[in-house]
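K.L.:
Respectively, the protein sequence lines represent chains X and H. Sequential numbering of the first sequence, starting at 69, is according to my numbering. Sequential numbering of the second sequence, starting at 314, is according to my numbering.
Bear in mind the hints are in silico, worked out from the structure with no lab data behind them.
Pulled from the structure, derived: some chain H residues nowhere near chain X, Cβ distances all over 12 Å:
hint, residue
1, 319
2, 379
3, 510
4, 512
5, 572
6, 653
7, 668
Here's a subset of chain H near chain X, in silico, CB distances under 10 Å, partners left out:
hint, residue
8, 442
9, 445
10, 446
11, 448
12, 449
13, 452
14, 456
15, 463
16, 482
17, 486
18, 489
19, 501
Using N, Cα and C, we set each Cβ at its ideal position, and we do this for glycine too.
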Amino acid sequence: MPLWLFIFLAALAIIGAAGVVLQRHPVHSLLSLVMTLVVIAVLFIGLGAATVGFLQMIVYAGAIMVLFLFVIWLLNLQSQPLEPGHLALKFLGSLGSAALIAELLLFVVHPPPAITQNRAVAMDFGSIGRLAQSLFTDYLIAFEATSVLLLVGVIGGVALARRTTAGGGGAPGGTP
Amino acid sequence: MQQLADSLIAQGMFGANPPRDLIYALFIFVFSLIVFLGIAFPFAGIVSWVERRVWARMQSRCGPNRVGPNGFLQWLADGLKHICKEDLIPADSDPALFKFAPYLVILAFTLPWAVMPFSSQLILADLNVGILYMTSVTALTVVGVLMAGWASNDKWSLIGGIRSAAQIVSYEIPAGLSIFPAVLMAGTLSMQGIIKAQGWAPWTWFAFSNPFTFIAANVLYISALAEGNRTPFDLPEAESELVAGFATEYSGMRYLFFFAAEWGNLFIIGAIITTLFLGGWQFPLISNNAVVMNVLQLITFNIKVLFLVFISVWVRGTLPRVRIDQLMSLCWKYLVPISFVDLVGTAAWIAIWPSGNSVAPWIMLALFLAIVVTFLRRVLHYFRRSKMELYLSPTI
Chain X
69 MPLWLFIFLA
79 ALAIIGAAGV
89 VLQRHPVHSL
99 LSLVMTLVVI
109 AVLFIGLGAA
119 TVGFLQMIVY
129 AGAIMVLFLF
139 VIWLLNLQSQ
149 PLEPGHLALK
159 FLGSLGSAAL
169 IAELLLFVVH
179 PPPAITQNRA
189 VAMDFGSIGR
199 LAQSLFTDYL
209 IAFEATSVLL
219 LVGVIGGVAL
229 ARRTTAGGGG
239 APGGTP
Chain H
314 MQQLADSLIA
324 QGMFGANPPR
334 DLIYALFIFV
344 FSLIVFLGIA
354 FPFAGIVSWV
364 ERRVWARMQS
374 RCGPNRVGPN
384 GFLQWLADGL
394 KHICKEDLIP
404 ADSDPALFKF
414 APYLVILAFT
424 LPWAVMPFSS
434 QLILADLNVG
444 ILYMTSVTAL
454 TVVGVLMAGW
464 ASNDKWSLIG
474 GIRSAAQIVS
484 YEIPAGLSIF
494 PAVLMAGTLS
504 MQGIIKAQGW
514 APWTWFAFSN
524 PFTFIAANVL
534 YISALAEGNR
544 TPFDLPEAES
554 ELVAGFATEY
564 SGMRYLFFFA
574 AEWGNLFIIG
584 AIITTLFLGG
594 WQFPLISNNA
604 VVMNVLQLIT
614 FNIKVLFLVF
624 ISVWVRGTLP
634 RVRIDQLMSL
644 CWKYLVPISF
654 VDLVGTAAWI
664 AIWPSGNSVA
674 PWIMLALFLA
684 IVVTFLRRVL
694 HYFRRSKMEL
704 YLSPTI
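The following block holds chain H by itself, in its conformation from the complex:
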């Protein structure tokens, strides 16, 4: 942010002798407003509409298609409906904690945006412990969820809260351990530093640089889905067993806060994986104009993140929910040992080839493409066997 402000000051946009501190403060204020009102909350709303549409299409339904073109304004209608609803507080609840819990969840959702690396200069604060900051502030979610579950004074809420806490605390371990292979490769914890250690081309991304980081990227994605309470790990709010889990007693705006945070967290999950393993905003240097490059980098970063968000939606539409014992055994028996092996393996790899192996990225990339091709062949096989009208007209 400071770099961008400095470059604009140097171009004489604010006169000859501008008050620098005020301009920095103005930049941070304006950028935060843009991020929250223009990106974070609209994103959470729009992704709820996208999810319902994609999900409906996967189940041969239409989904919300009445409000606005193709139902695009459905998220605004839902938001207005929730604002207008009565804010119920159960008589036997703990009112202070009941009211406070949604704010804690929304706080844990907004804080990570401070280190979100949209482009080489569009970042609010490039902390030198950026990725650690991200994991630590998202860890506050669990306190909010537990508070909501307990303060509601309701069986479903309490069970949902306990499940959520067990799940988040367990999956934080593989998620935290899978972050560190990328940190080892980059030699820094700063978001921009990790991205700058990678290149624009897929064979320079950390995901493909050796077999261990390839597995680590996948483990991180699975654990992040579990931490974000997404299907197939959405046990804390399992509709068929717990009504709505920790959010059962909530209504109106407070209920919306939980779900805005959940959908918005999809962007944060995608951004963490894009930054650590998929090269972040890296784009080939085709112009010396800072504005053009920043816009191109912004688009690159968002395409990668939104693709990962789409995969999350897709997974939710495809996989059934796991049982609680399966959830715990997946974490403790498989993901935790795998992520330990990844960490040690990456360290050994760096010790053997300090400047990187030149063959391994191509092999990993070929392996990845082979997986994608196999998958596409399976999908096309089912496409040939099914009725095509609904799939091919996305605007019903």
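Pulled out of the complex, with its shape left as it was, chain X reads as follows:
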């Protein structure tokens, strides 16, 4: 991928990410997030990891974003003016973001040797065969642990949904 293309796409991704934070309306923030994720998928494809890029587009831009939109609509979030106060939150937030920026700058100034050295990339880098081989041999335990984690999430979601409907008083704001 040529450098100018990378810079253009990276700028788009950063604009989208800034939009997530700066937009007032939750739906606009969400659509900015979609833009960021699609641009990151394109960056993956440009770096040779086509499978990961397209999977990112299907899973994140296609499916997960829709679920987010559902949640926003079901909770009926509206654009809200910034609330005054919460000085402690602002302080903690700026502290956290300062730490993240410092970490990034540290990486730029003193890059770890693993990033800078040129390593030979296998011919089938980014192909679905290589991806599957990594997932099911080298990182099998991590992969299975992640799927167990997702299963726990699903079961937790079902349990929470059951409790609200079977709680006697009905769903919040629902029929008596």
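Mind docking chain H on chain X? Use the hints.
P.N.:
Just chain H now, kept in the frame of chain X:
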């Protein structure tokens, strides 16, 4: 595309020492123009006329028959009418998103054409993850539809958008899982690779190679109809309940964009199933001339796709709309488990018979023909009992 350009350069069509990169770029540009202006958008228009004619005939009506011979130019008249209409933007809408949503839908409709395998050499880009590309770019449709539904700031639009999102996200799972039996059989994700793993004869197609892929092809077709908002799954734009669903507030060209994408998606649905399960452009090798073979393959591919498009039109004219709970239970209680069984079954089949079973394709083909014969007997029975004048004169 590169192969075709290379073969033409080798034949000396561009002189002795041509600038290769420029010729490749020219080929891609010209081919994209042909695909969009000559195939994709006219197809969407013509299929709207075909659908209205076929549909009318199924209901013993005439359908549009005034503009041009048999009303063939009706689609051009409709297009011109929509271009000339006023482009209304509701006062309480979110104007930026309202204007942008149709473009996103039309983008998700045009992107899949890049990997459309028209023949062994007529393909814009033979990506090695072609089918994954196709599913991922069509997944962008849902963002456009949701955006349209929400930005209109209208109850019907919002309900249509939410229904559409729930439907597309749900049916993406059986559709995605049903793609993989064919991918397992071929051992590649590339569109051309999948077609090359099949032969020209029906018993070498993946649809008939074992019982699991036969079911997977059917599941994929049903899920694709649901993803394309086609009857019997057209709840997002149910006319009798939601006016026009997510497109209620749209008018003029923007409204046309949604429906051009919907009708054009019929071709993409047909092309995906043709590529994965029906042998794609495969045609017996009867000539060594590359041009002749490519033309024959192009015709073969299009006949298969257009037949599937006709079946979609037919289904729309035949079946009533399902309810939303029936839609969801069909997906989650039936299609998702069936497609999981298909995937595991195909993998087991390949493990047992790595080079393919020689008897199974014939049994599956015989089963398929038995279904077709039974169906035709039923149809002929009704033909005998009905008035024949209207059915037998298609040019009223």
